[in-house]
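Asker: Sequence:
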Amino acid sequence: MVVLSASILSNRGSKPLVSRQFVEMNRLRVEGLLAAFPKLMGHSKQHTFVETDAVRYVYQPLENNMFLLLITTKASNIVEDLGTLRLLAKVVPDVTGSVSEHAVNEHAFEIIFAFDEVLTTGGYKEDISPSTIRTNLEMHSHEEEMALMLKKSKEDAAREQMQSQAKAIKDRQMAALRDSLMHGGNASARPQTGMVGFGGGGPQRPGGPGGFSMDNVFGQGAGAGAFGEPSDNPYANLGKSKEPEPEAPKVMAKGMKLGGVGGTKKKDSLMAGMLAEDNLGSGFGNAADPFGLGIGAPAAMAAPAAPSAPATILVEERVVVQMSREGEVKSSEVKGSITYTANTKAGEMANVVVNKSVYAGKCGAGWSFATHPKVDKASYEKSGVLVLKGGKPYPIGRPVGILKWNYAQEDSAPFTVTCWPEDEGSGAINVNMEFELQRKDAVITDVNILFPLGTTDPPAIESIDGQYKHDPHTGMMCWHHDVIDANNSSGSLEFSIAGDDVDVFFPVQIAFTSQSLMCPMEITSVVNTTSGAAIPNNMTVRVVPESYQCV
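If you're matching positions, the sequence shown starts at 1 in UniProt numbering and goes up one per residue.
Calculated directly from the structure, the hints in this document are not laboratory data. Ideal Cβ positions, reconstructed from N, Cα and C, are used throughout, including at glycine. One should not assume that every hint holds.
Here are the computed distance ranges between Cβ atoms for each label pair [to be verified]: (1) Lys440 - Ser14: 19 to 27 Å; (2) Glu160 - Ser324: 45 to 53 Å; (3) Ala36 - Gly401: 49 to 57 Å; (4) Ser131 - Glu63: 36 to 44 Å; (5) Ala498 - Pro130: 15 to 23 Å; (6) Phe506 - Thr530: 54 to 62 Å.
List of simulated lysine-lysine pairs, DSS-like, C-alpha gap at most 30 Å [stated by the list, open to error]: (7) Lys335 - Lys377; (8) Lys404 - Lys154; (9) Lys404 - Lys382; (10) Lys362 - Lys377; (11) Lys377 - Lys404; (12) Lys356 - Lys345; (13) Lys125 - Lys151; (14) Lys469 - Lys440; (15) Lys167 - Lys154; (16) Lys440 - Lys90; (17) Lys356 - Lys389; (18) Lys15 - Lys74; (19) Lys382 - Lys392; (20) Lys15 - Lys90; (21) Lys362 - Lys374; (22) Lys345 - Lys389; (23) Lys330 - Lys469; (24) Lys377 - Lys389; (25) Lys374 - Lys392; (26) Lys382 - Lys330; (27) Lys382 - Lys345; (28) Lys356 - Lys404; (29) Lys39 - Lys15; (30) Lys440 - Lys330; (31) Lys440 - Lys404; (32) Lys125 - Lys154; (33) Lys389 - Lys404.
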């Protein structure tokens with residue numbers, strides 16, 4: 001088959017909105033072919049294709065008097081052309097969110113990119129599915145992720161060093177000021193003659209119990225390094241004078257203000273601004289997460305784009321799992337929710353219908369379900385319809401958690417990880433790690449297993465399933481897998497590294513993405529409360545590892 005052009009037309013086919021050519025064609029010919037389509041279609045309404053002497057038009061009606069049109073050669077296989085047409089008809093609403101002229105204009109480039117995924121240059125169809133097209137359009141790059149991980153690890157290390165330095169300086173300031181004030185009050189009982197009276201009763205080491213020395217502010221040995229022996233330093237015990245000048249500690253504190261609390265806040269806000277500019281999110285601030293995977297904190301969501309559908313639905317499960325080093329699940333809990341957001345007035349009056357009869361039968365003991373207090377519970381219990389009481393509308397732009405569920409059993413962990421470090425007795429440790437899928441129906445993607453090495457030296461990899469990344473600045477290692485599913489249900493990693501402490505590799509923290517819910521929950525339809533018409537919506541289904549550790 002050879003497809004010359006793929007187009008979306010409105011106004012009963014007379015107004016082209018988007019057109020993509022896959023062979024060399026000049027503009028006048030394309031416009032002429034598109035202009036002839038409405039006239040030809042009028043004589044053949046009972047068919048989905050019409051032919052001329054040169055080309056064949058294969059078309060499918062869309063909503064709102066719009067048409068999806070393929071222009072092919074007459075020698076093209078019409079059965080394959082119809083298959084291509086059906087695939088494109090699925091892709092268009094998936095990209096635009098709703099089939100309308102405004103939505104098509106807003107997502108014109110995304111539609112063209114989707115067409116290019118289906119058809120190659122020359123007009124030949126690719127063997128591809130809608131889910132693969134969606135993945136390709138997102139342009140997910142593992143190399144980009146690793147680069148962001150390294151960048152984030154450096155920022156975290158710099159922030160941690162900054163905070164520790166600021167705290168140390170502040171502690172030294174406070175200790176120096178406390179010593180000065182405490183010893184200065186007893187100076188009136190001492191003789192005030194000569195250097196002995198000024199220094200506090202005899203030679204003392206700067207920074208010792210009798211003085212306010214530069215050691216207390218700039219670190220051990222700073223006073224001696226600047227002034228020589230303590231007896232030669234007339235300023236070593238300045239804090240012991242009868243009336244200590246408040247300016248000395250005040251000026252010193254002001255001089256070190258850069259490391260104080262105010263400076264820390266400014267630097268934290270600066271780092272937060274840098275993270276926001278890089279679109280790294282607030283969930284990456286964990287110092288134990290140098291690769292920026294969001295481990296140990298709720299997943300940070302990027303700023304949402306303007307909604308392209310009347311409603312947005314989020315079906316989410318958050319997982320908390322703690323395992324032993326041998327892979328035994330000590331505790332596991334799944335908390336799920338359905339959140340409905342009305343973006344426009346068209347999404348205010350909504351009935352969200354779920355497959356209650358299915359999941360209520362499959363979810364036995366240990367599962368608990370609860371509706372929002374404003375949701376009509378009787379309607380949900382009877383037919384699985386989630387609707388607000390009294391026919392009230394959903395608030396526009398405000399998410400409402402309409403249904404929640406909870407399950408806390410050991411079998412809720414989708415996969416387990418074991419870590420076996422063994423001291424070889426020669427200054428090296430041999431580490432064996434494994435993962436094993438527990439739920440055969442689950443599909444886990446973008447799996448990152450992160451753990452410390454106890455040293456900045458790189459590990460010596462003996463064998464590995466998947467990929468790994470080592471960060472020499474923080475001494476962390478990330479073991480990565482693109483997919484864990486029934487076809488890739490287990491994997492192992494073996495490496496050796498210098499050291500003798502087998503506890504440095506813990507805790508092992510795991511991050512991943514998935515759409516395989518533990519609860520077989522599905523939203524079967526979203527319709528208008530009064531008219532029963534379907535409400536277009538953007539639905540997201542995801543599993544979030546809130547805390548997934550091997551300790």
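Asker: Please go over all the hints and tell whether each is borne out by the structure.
Answerer: These are the hints, each one checked on the structure:
1. The supplied range of 19 to 27 Å is broken by Lys440 and Ser14, whose beta-carbon atoms lie about 53 Å from each other.
2. Hint check: Glu160 to Ser324, Cβ distance near 29 Å, so the stated range 45 to 53 Å is violated.
3. For Ala36 paired with Gly401, a C-beta distance near 53 Å keeps the hint of 49 to 57 Å intact.
4. The given range of 36 to 44 Å is broken by Ser131 and Glu63, whose C-beta atoms sit roughly 23 Å from each other.
5. Between Ala498 and Pro130 the C-beta distance comes to about 50 Å, which lies outside the given range of 15 to 23 Å.
6. As the Cβ distance of Phe506 to Thr530 is approximately 57 Å, the hint placing it in 54 to 62 Å holds.
7. A C-alpha spacing of about 20 Å is found between Lys335 and Lys377, which places the hinted pair at or below 30 Å, so the restraint holds.
8. Of the supplied pair hints, the one linking Lys404 and Lys154 is violated, its CA atoms being roughly 39 Å apart against a limit of 30 Å.
9. About 17 Å separates the Cα atoms of Lys404 and Lys382, which keeps this hinted pair within 30 Å; it holds.
10. Proposed proximity of Lys362 and Lys377 is supported: the alpha carbons are some 20 Å apart, at most 30 Å.
11. Taking the CA atoms of Lys377 and Lys404, the gap is near 13 Å; set against the 30 Å cutoff, the hint holds.
12. For the given pair, Lys356 sits about 27 Å from Lys345 by alpha-carbon distance, which is consistent with the 30 Å threshold.
13. Between Lys125 and Lys151 the alpha-carbon distance is near 40 Å, which puts this suggested pair outside the 30 Å criterion.
14. Between Lys469 and Lys440 the CA atoms are separated by roughly 28 Å; this keeps the pair inside 30 Å, and the hint holds.
15. A hinted pair counts as satisfied when its Cα atoms are at most 30 Å apart, and Lys167 with Lys154 qualifies at roughly 20 Å.
16. For the hint linking Lys440 to Lys90, the alpha-carbon distance of about 29 Å falls within 30 Å, and the restraint holds.
17. Distance check on the hinted pair: Lys356 and Lys389 sit about 19 Å apart at the alpha-carbon level, within 30 Å; holds.
18. Proposed proximity of Lys15 and Lys74 is supported: the alpha carbons are some 24 Å apart, at most 30 Å.
19. For the given pair, Lys382 sits about 19 Å from Lys392 by alpha-carbon distance, which is consistent with the 30 Å threshold.
20. Between Lys15 and Lys90 the CA atoms are separated by roughly 21 Å; this keeps the pair inside 30 Å, and the hint holds.
21. In summary, the hint linking Lys362 to Lys374 is supported, as the alpha carbons are separated by about 27 Å, within the 30 Å threshold.
22. Restraint check: the Cα-Cα separation between Lys345 and Lys389 comes to about 18 Å, which is no more than 30 Å; the hinted pair holds.
23. For the hint pairing Lys330 with Lys469, the CA-to-CA distance comes to about 28 Å; that is within 30 Å, so the pair holds.
24. Among the hinted pairs, Lys377 with Lys389 is consistent with the structure: their alpha-carbon atoms are about 8 Å apart, no more than 30 Å.
25. At most 30 Å may separate the alpha-carbon atoms for a hinted pair to count; Lys374 and Lys392 meet this at roughly 9 Å.
26. Distance restraint check for Lys382 and Lys330: the Cα-Cα separation of roughly 37 Å exceeds the 30 Å cut-off, and the hinted pair is therefore not satisfied.
27. Annotation: proposed proximity of Lys382 to Lys345 holds, straight-line Cα distance about 27 Å (limit 30 Å).
28. Simply put, Lys356 and Lys404 have alpha-carbon atoms about 13 Å apart, close enough for the 30 Å limit, and the pair holds.
29. With a CA separation close to 13 Å, the supplied pair Lys39 and Lys15 stays within the 30 Å bound.
30. Straight-line distance between C-alpha atoms of Lys440 and Lys330 comes to about 20 Å, which keeps the hinted pair within the 30 Å bound.
31. For the hint pairing Lys440 with Lys404, the CA-to-CA distance comes to about 25 Å; that is within 30 Å, so the pair holds.
32. Between Lys125 and Lys154 the CA atoms are separated by roughly 45 Å; this puts the pair beyond 30 Å, and the hint is violated.
33. Pair hint Lys389 plus Lys404 holds up; C-alpha atoms about 17 Å apart against a cutoff of 30 Å.
Consistency note: the structure conflicts with the earlier hints numbered 1, 2, 4, 5, 8, 13, 26, 32.
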